[in-house]
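Colleague: Sequence:
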Amino acid sequence: MRKVSIKTSKSIFLALTLLFTTQSCNENKTIKYSKPNDNQTLKKGEWISSSDSLAGISIRGKKIAFFKKMVFNSKDIYEFSIIDSIHKNDNSEKNIGTFLLVVKNKDSTKFKILKRSKKLLVIENKNKTETYKFWR
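Just so we're aligned: the sequence shown equals residues 1 to 136 in my numbering.
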């Protein structure tokens, strides 16, 4: 029986890895990515929760704060943006959903936007749906 050197083993492993990678690149793959939504705005002011009239969202520019009992602290203020989740396959693109991306330092949370208008915002996070109505 012939011994195979470590260098030869690594070369064979690299060749097999390259072969599998090349084969998988030729298959029809879906690329998933996010891009900024064309309409980045939410009306500035307070959005009151339909389930608790003392809870809601406060919007100022690109800042958002979720409040309870009509109060929030500076630690509750986050940056936000609205993004589209895109799946691209060959030459076609499909918008899977629009999301509210809330970011503070390195932490971020994505809320799926189910409905958005000038007076209504319906978002979903962890299978929980919350409706907010624009107050002022």
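In case anyone wonders, no lab produced these hints; they're calculated from the structure. Just so you know, these numbers come straight off a predicted model, no measurement behind them. Heads up, the beta-carbon is just placed ideally off N, CA and C, and yes, glycines get one too. Treat the hints with care, as some may be off.
Per label pair, the in silico range of CB-to-CB distance [as the list claims (entries may be wrong)]:
{"#": "1", "residue 1": "Asn125", "residue 2": "Asn95", "range": "14 to 22 Å"}
{"#": "2", "residue 1": "Gln40", "residue 2": "Asp76", "range": "31 to 39 Å"}
{"#": "3", "residue 1": "Thr131", "residue 2": "Asn89", "range": "16 to 24 Å"}
{"#": "4", "residue 1": "Ser92", "residue 2": "Val71", "range": "27 to 35 Å"}
{"#": "5", "residue 1": "Ile86", "residue 2": "Asn125", "range": "18 to 26 Å"}
{"#": "6", "residue 1": "Lys43", "residue 2": "Thr129", "range": "34 to 42 Å"}
{"#": "7", "residue 1": "Thr131", "residue 2": "Ile77", "range": "16 to 24 Å"}
{"#": "8", "residue 1": "His87", "residue 2": "Gly45", "range": "28 to 36 Å"}
{"#": "9", "residue 1": "Gly45", "residue 2": "Ser92", "range": "33 to 41 Å"}
Colleague: Now tell me if each hint is right for this structure.
Modeller: Cross-check of the supplied hints:
Here the CB-CB span from asparagine 125 to asparagine 95 is close to 19 Å, well matched to the stated 14 to 22 Å. Checked against the given bound of 31 to 39 Å, the beta carbons of glutamine 40 and aspartate 76, roughly 21 Å apart, lie outside it. Restraint check, threonine 131 to asparagine 89: a C-beta distance of roughly 33 Å breaks the suggested window 16 to 24 Å. The supplied range of 27 to 35 Å is broken by serine 92 and valine 71, whose beta-carbon atoms lie about 47 Å from each other.
A hinted range of 18 to 26 Å for the beta carbons of isoleucine 86 and asparagine 125 is consistent with their spacing of about 20 Å. Lysine 43 and threonine 129 have their C-beta atoms about 20 Å apart, which leaves the hinted 34 to 42 Å range violated. Checked against the hint of 16 to 24 Å, the C-beta distance between threonine 131 and isoleucine 77 comes to roughly 22 Å, which is consistent with it. Distance hint for histidine 87 and glycine 45: a CB-CB separation of about 34 Å, consistent with the stated range 28 to 36 Å.
Between glycine 45 and serine 92 the beta carbon distance is about 39 Å. The supplied range of 33 to 41 Å therefore holds.
In this structure, the earlier hints numbered 2, 3, 4, 6 are contradicted, and the remaining ones agree with it.
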